[in-house]
Amino acid sequence: MTALLDIRGLTIDIARDGGPARVVDGIDLAIQQGESVGIVGESGCGKSLTMLSLVGLLPNRIRATGGSAMFGGRDLLKLGPKELRKVRGSEIGFIFQDPMTSLNPVIRVGDQIAEALIWQKGLAKEAAQARAVELLELVGIPGPAERARAWPHELSGGMRQRVMIAMGLAGHPRLLIADEPTTALDVTIQAQIVDLVRELKDKMQMAVVWITHDLALIAGLADRIAVLYAGTVVEDAPVSAIFERPTHPYTRGLLASLPTLAGAAMERLPSIGGTPPEPGRRPPGCPFAPRCAHAVAACAEAVPRLAPVPGSDPRHRVACPVMTERAAA
Amino acid sequence: MTAIAEDDRPSSLWRDAWKRLRRNRLAVIGLFIIAILVIVAAFGPWMSPYDFLSQNLDARNQPPSGLHWLGTDDLGRDVLSRLIYGARTAFLVAVGVTVAAVLIGVVLGAIAGFYGGAFDRFVMWFTDMTMSVPQLLLVVVINASLKQPISLWMEARYMETLNPIWRNSAIIDFVLVFGSMALITWPPYARLVRAQVLSVRGRPYVTAARALGLTNRIILMRYVLPNAMGPLIVAVSAGLGTAMVLESAFSFLGVGVTPPTPSWGNMISDGLRVWTNYPHLLLAPAAVLAVVTVAFNFLGDGLNDALNPKGQK
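Residue numbers (my numbering), protein chains in the order written: chain A, 9 to 337; chain B, 4 to 316.
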């Protein structure tokens with residue numbers, strides 16, 4: 009089976025005075041049809057940029073400089089602006105982080121959804137508005153016909169995020185990219201949104217990429233998790249394997265720093281010492297080596313490649329020769 | 004389903020702004036004076052006691068009286084009637100010049116700010132250049148060099164065709180006087196719109212609109228411009244007053260609207276020559292111009308507060 013989306017060796021650079029600085033360094037990531045993948049990593053690790061680069065939404069001065077991203081038989085990185093515009097919305101949908109500011113304050117929510125349908129699919133105004141109400145109903149907004157006429161500021165954060173999801177789904181995309189859609193919401197609302205996206209994923213048979221830094225949230229949601237560190241995938245495995253046999257020292261660090269109910273109440277949560285490398289000042293070799301307790305001399309020499317973890321799930325791959333060797337032993 | 008197509012409820016943003024505006028006493032006074040100006044401009048010919056052109060050489064330079072409430076000028080024309088007609092000129096100047104200047108400013112500023120790049124640099128360079136030329140000088144040059152040839156050409160056309168349209172000095176006023184004023188007043192609008200567009204185009208809902216695959220044109224027209232308009236409305240309301248003062252200044256210098264069309268500016272200019280003997284000829288038009296200009300500024304301040312509630316204490 010060919011993957012829905014196959015990213016190979018993607019590199020992204022920021023143009024700066026004094027030469028480009030690399031922020032994404034050779035990401036390999038495949039998303040299967042109908043799969044739900046979590047991309048986890050701390051701020052600035054390149055997880056959002058990777059996804060934005062697919063549809064040509066990178067900010068000024070930031071460019072995808074290498075690699076390929078095959079989607080539906082085409083390399084997205086080689087498409088022109090017009091073709092990319094057609095991919096956006098109708099083939100790859102987006103949900104963004106902040107529902108409070110991601111809706112245009114001067115257009116009623118129903119019209120905002122309808123607008124996308126009119127320009128994307130060429131629907132007539134009435135048909136688009138009727139479809140907008142259906143979409144609002146689909147994302148669980150009560151009284152969708154009335155709510156379609158509401159202004160964005162009249163809705164709560166959770167409601168707005170539902171509207172954003174409706175907009176993301178309007179074009180019936182095969183891939184939905186959710187960029188930290190719950191970060192700005194209450195925990196209870198978070199759970200509702202997570203359930204909603206999971207349900208819609210099955211109903212609409214699309215693949216979902218969930219960008220987050222919240223491992224606990226992703227555990228109940230994704231089939232697979234890719235852990236990003238400093239612009240590379242350091243570990244890529246089914247959810248169960250990540251939680252049962254975390255292999256990369258960085259993944260272990262992330263899991264160790266999650267609060268647990270069993271932990272002593274007054275104890276400080278463990279954290280990973282040091283900070284990620286700045287773009288343009290990447291160490292040679294493994295980017296995590298300077299912070300890694302298990303680093304050996306060889307780590308600073310060659311960039312490790314993803315390799316299967318012996319004895320674990322066959323899809324479990326990690327970019328750490330040291331740990332791979334230990335697992336084999 | 005049909006109900007959603009209707010657009011019967013006004014935007015709350017504007018409703019709230021209107022509420023705040025009504026609470027601002029100065030803004031309401033300004034609005035009231037501007038309303039009077041509009042009414043007088045529209046219905047002046049039916050309101051004025053005399054024709055603004057009819058001369059009465061037996062009653063020149065008369066002080067205010069029961070017959071002529073504001074007296075008469077040096078040709079015996081009724082000052083009140085001329086003021087009322089001047090309101091029409093002032094209103095046309097204010098609206099005509101401002102609309103033209105805002106159109107130029109919005110189109111250039113929005114495209115420059117939204118697309119950036121070489122066009123942006125060119126527009127900003129052009130804006131700076133226009134602003135660096137003294138305003139009066141530019142208008143005087145345009146009018147002095149073009150008014151005469153155009154008038155002569157139109158007179159020649161009239162002789163050929165005997166069509167009275169060629170003797171209508173309003174055409175010269177509109178195209179040349181208003182046009183040259185628009186050409187010097189657009190740069191601040193372009194700068195303002197560009198700055199607003201730059202700030203709005205980075206907002207998350209613009210990115211979200213891009214992610215929906217909307218075209219640049221739709222994003223600019225529906226997502227960026229409407230959200231960039233607030234400060235422009237304030238600038239326009241102050242700009243209307245400025246345009247009237249500017250026209251008066253040009254009339255004073257003899258490059259404003261063509262006499263005998265009365266404008267407050269050329270009335271002030273005429274009055275200034277004789278003010279030691281007949282102060283009412285200067286006072287009446289100057290007072291009206293001052294009051295109306297202040298009214299536009301009151302309204303502009305009020306709109307500024309009403310549209311930026313966060314700025315209030």
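Since the hints were derived computationally from the structure, they do not count as laboratory data.
We treat Cβ as the ideally placed atom computed from N, Cα and C, and that holds for glycine.
Keep in mind that a hint or two might mislead.
Claimed, not checked - Chain B stretches covered by chain A per the calculated footprint, using a threshold of three residues with CB under 8 Å from any CB of chain A:
#1 36-49
#2 199-209
#3 226-233
Said to hold, decoys possible - Derived Cβ-Cβ restraints for the label pairs, each shown as a range:
#4 I39/B / S51/A: 57 to 67 Å
#5 R170/B / N68/A: 50 to 60 Å
#6 W278/B / H161/A: 47 to 57 Å
field: Range hint 57 to 67 Å (beta carbons of I39/B and S51/A) holds or violated
entry: holds, 59 Å
Chain A over the stretch 36-49 of chain B, status - at least 3 residues with CB closer than 8 Å: violated (count 0)
query: Is the hinted range of 47 to 57 Å satisfied by the C-beta distance from W278/B to H161/A?
result: Holds: the Cβ-Cβ distance is about 56 Å, inside 47 to 57 Å.
- prompt: Are at least 3 residues of the stretch 199-209 of chain B within less than 8 Å of chain A when you compare beta carbons?
  reply: holds (count 3)
field: Proximity test - 8 Å, beta-carbon atoms, the stretch 226-233 of chain B to chain A, at least three hits
entry: Answer holds; 3 residues pass the 8 Å Cβ test.
task: Determine whether the Cβ-Cβ distance between R170/B and N68/A falls within the hinted range of 50 to 60 Å.
output: holds, 56 Å
Hint 1 alone, counting from the list given before, is not met by this structure.
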